[in-house]
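**Q** Residues per chain are reported as follows:
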Amino acid sequence: MPRAGRIALALTALTAAVLLPQVAGPFWTGLVTQMYIFGLLALSVDLLLGHAGLFSLCHASFFAMAAYTTAILQVRYAVPTALAAPAGVLAGTLLALVLGLAVRTRGVYFILITIAFGYVVWGVAHRWSSFTGGDNGVTNVPFPAVGAWRVESHTEYYYLVLAVVLLCALGYRILVASPFGLALRGIKASETRMRSLGFACGLHLYAAFVVSGALASLAGVLYVYYNRFVNPVAASFPVSVEAALMAIIGGTGTIVGPFIGSWIMLGLRNWVSSFFALYASVMGLVFIAVVLWAPDGLVGLAGRLRARAQKAGAG
Amino acid sequence: MSEPLLRVREIHTYYGDSYVLQGVSLELHEGRIVAILGRNGMGKTTLIRSVAGLTPPRRGDVIFKGRPLRDQPPYAIAQQGMAIVPQGRRIFRSLSVRENLLLPTSRLARPAAGAGARRTRWDLDGILEEFPQLAERIDHPGGTLSGGEQQMLAVGRALMANPDLILMDEPSEGLAPLLVRQIERIMQSVRKHGHSILLVEQNFELAMSVADHIHVLASGRFVFQGTPGALSREGEVLDHHLGVSGRR
Numbered sequence: 001m002p003r004a005g006r007i008a009l010a011l012t013a014l015t016a017a018v019l020l021p022q023v024a025g026p027f028w029t030g031l032v033t034q035m036y037i038f039g040l041l042a043l044s045v046d047l048l049l050g051h052a053g054l055f056s057l058c059h060a061s062f063f064a065m066a067a068y069t070t071a072i073l074q075v076r077y078a079v080p081t082a083l084a085a086p087a088g089v090l091a092g093t094l095l096a097l098v099l100g101l102a103v104r105t106r107g108v109y110f111i112l113i114t115i116a117f118g119y120v121v122w123g124v125a126h127r128w129s130s131f132t133g134g135d136n137g138v139t140n141v142p143f144p145a146v147g148a149w150r151v152e153s154h155t156e157y158y159y160l161v162l163a164v165v166l167l168c169a170l171g172y173r174i175l176v177a178s179p180f181g182l183a184l185r186g187i188k189a190s191e192t193r194m195r196s197l198g199f200a201c202g203l204h205l206y207a208a209f210v211v212s213g214a215l216a217s218l219a220g221v222l223y224v225y226y227n228r229f230v231n232p233v234a235a236s237f238p239v240s241v242e243a244a245l246m247a248i249i250g251g252t253g254t255i256v257g258p259f260i261g262s263w264i265m266l267g268l269r270n271w272v273s274s275f276f277a278l279y280a281s282v283m284g285l286v287f288i289a290v291v292l293w294a295p296d297g298l299v300g301l302a303g304r305l306r307a308r309a310q311k312a313g314a315g
Numbered sequence: 001m002s003e004p005l006l007r008v009r010e011i012h013t014y015y016g017d018s019y020v021l022q023g024v025s026l027e028l029h030e031g032r033i034v035a036i037l038g039r040n041g042m043g044k045t046t047l048i049r050s051v052a053g054l055t056p057p058r059r060g061d062v063i064f065k066g067r068p069l070r071d072q073p074p075y076a077i078a079q080q081g082m083a084i085v086p087q088g089r090r091i092f093r094s095l096s097v098r099e100n101l102l103l104p105t106s107r108l109a110r111p112a113a114g115a116g117a118r119r120t121r122w123d124l125d126g127i128l129e130e131f132p133q134l135a136e137r138i139d140h141p142g143g144t145l146s147g148g149e150q151q152m153l154a155v156g157r158a159l160m161a162n163p164d165l166i167l168m169d170e171p172s173e174g175l176a177p178l179l180v181r182q183i184e185r186i187m188q189s190v191r192k193h194g195h196s197i198l199l200v201e202q203n204f205e206l207a208m209s210v211a212d213h214i215h216v217l218a219s220g221r222f223v224f225q226g227t228p229g230a231l232s233r234e235g236e237v238l239d240h241h242l243g244v245s246g247r248r
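Residue numbers (our numbering), protein chains in the order written: chain B, 1 to 315; chain D, 1 to 248.
This is chain B alone, in the form it adopts within the complex (with noise of 0.2 angstroms):
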């Protein structure tokens, strides 16, 4: 696309996105908030799967790990949000830190390590109840507050979220076209290239599943302010799977890609669960559509159709 065409295109998306909560009303921006936030999410998934090529399946256990920290020292603790929140972020990179490790392996056993990492976390969440407070998890989380200043309503929330989120957009792109990003790129690649290059490709990976396991987290802490408590399900595998589906249906490597997959995803299961109740099965369904017919995810999909189009035209 043509960078005048790109342009308009990111400020009609960005006006839509400003003027959304004026004309629709608090579902739909409810919906919209969480599109964000679990975009997020799966752009912090996508950090590995699409750039560096490890395909993780334990981004809910951050995700859960901030939520779980903020929320307990919130509700428990009467911590302000100025600290609960960047608490609840350093909490879920401290266990990315440690879960880091899975680096050591590659391919299948990479994701089988992060599935048994993500079962420890949630049984965690699930069995530890005197603390966790177990299945009901925490709930009466307030709506932050730092100083004079608080959010006082989901639309004041949305916009929020809306501003922190296109700040980790902005850093994601910087990051990813980044020597760093490159050699990510180059380590997705060939590994073996890589080292005789010169690069510690070990070294490479867990920076950079410490780095998306902390933007998973912020996701988290996100989350929980919205949706005023967390519980054990969302430490669960569904949310790691689904989190790494929205970035591979909307397009991995690309930015937008885990967002237009967060709102497809999210989009369809409220529409479809609303009358069928195998929403779950519609979702199957459309993975393997997305799979079969554009594997390079939605995105790839409007680029190749675009690229179709313009031979179309010119022959």
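Hint data in this document are derived by calculation from the structure and do not stem from the laboratory. From the three backbone atoms N, C-alpha and C, an ideal C-beta is built for every residue, glycine too. A hint or two may mislead.
[What the hints assert, rightly or not] Simulated restraints, written as ranges between beta carbons of each label pair:
#1 B:Pro295 <-> D:Pro177: 33 to 41 angstroms
#2 B:Gln310 <-> D:His240: 38 to 46 angstroms
#3 B:Ser281 <-> D:Ala176: 50 to 58 angstroms
Given the structure of chain B, go ahead and fit chain D onto it with the hints provided.
**A** Here is chain D on its own, set in the frame of chain B:
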């Protein structure tokens, strides 16, 4: 004579149970091209991999710039000033020509500072001047280049690390004779810029024309070492181990 840049001392390398290099030694001095000739399956690529640390020898030493490389991971060896032009032109097909060339210069790879006052310091402009075809395709994915262009990209990528030693694994493989001539010119130019090359080849003419010293590898051992001139008089080695007629 001064300490060689690379000294390989009696290395024995295995792939699992198969005993590939059976006590191989060689020396390579600064600014020289040493070629290893031999048929397929004689252990040529294994020799390159042993030097680069990708398949470390079980016994013997590889000594680079006076320091043994024993037990060092491949990336640490590369950082000391060694670059590989791998067999089959293993460029990054999904990355653009520019990205392929910039990867080795990344601070993350910490390219060795190099000795090279008397040597050219390569940068992107220098490489594009040396290989003008690459300049035309600078933003194309590496995978869309022709075989010859990919080989140039692989050489250019190695040079970008400003290495003291370049390991080249069969650069002529699969290239048309005209392109092989071009590879020959590139290698001579690379040497003129002060780099040393360890070349592994099946292409007899290419090795004979560029190398200062040639080793012939057969079943994991050297059966000949000497100058190209001396090799051309070794009828039996040529016949038996290289499949070229000794009457030339």
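**Q** Would you mind marking each hint as holding or not holding in the structure?
**A** Hints and how they fare:
1. Between B:Pro295 and D:Pro177 the beta carbons are some 40 angstroms apart, a value that agrees with the proposed interval 33 to 41 angstroms.
2. B:Gln310 and D:His240 have their C-beta atoms about 59 angstroms apart, which leaves the hinted 38 to 46 angstroms range violated.
3. Under the hint 50 to 58 angstroms, the C-beta atoms of B:Ser281 and D:Ala176, about 55 angstroms apart, fit the expected range.
Figure legend: structure checked against the earlier numbered hints; the only hint not met is number 2.
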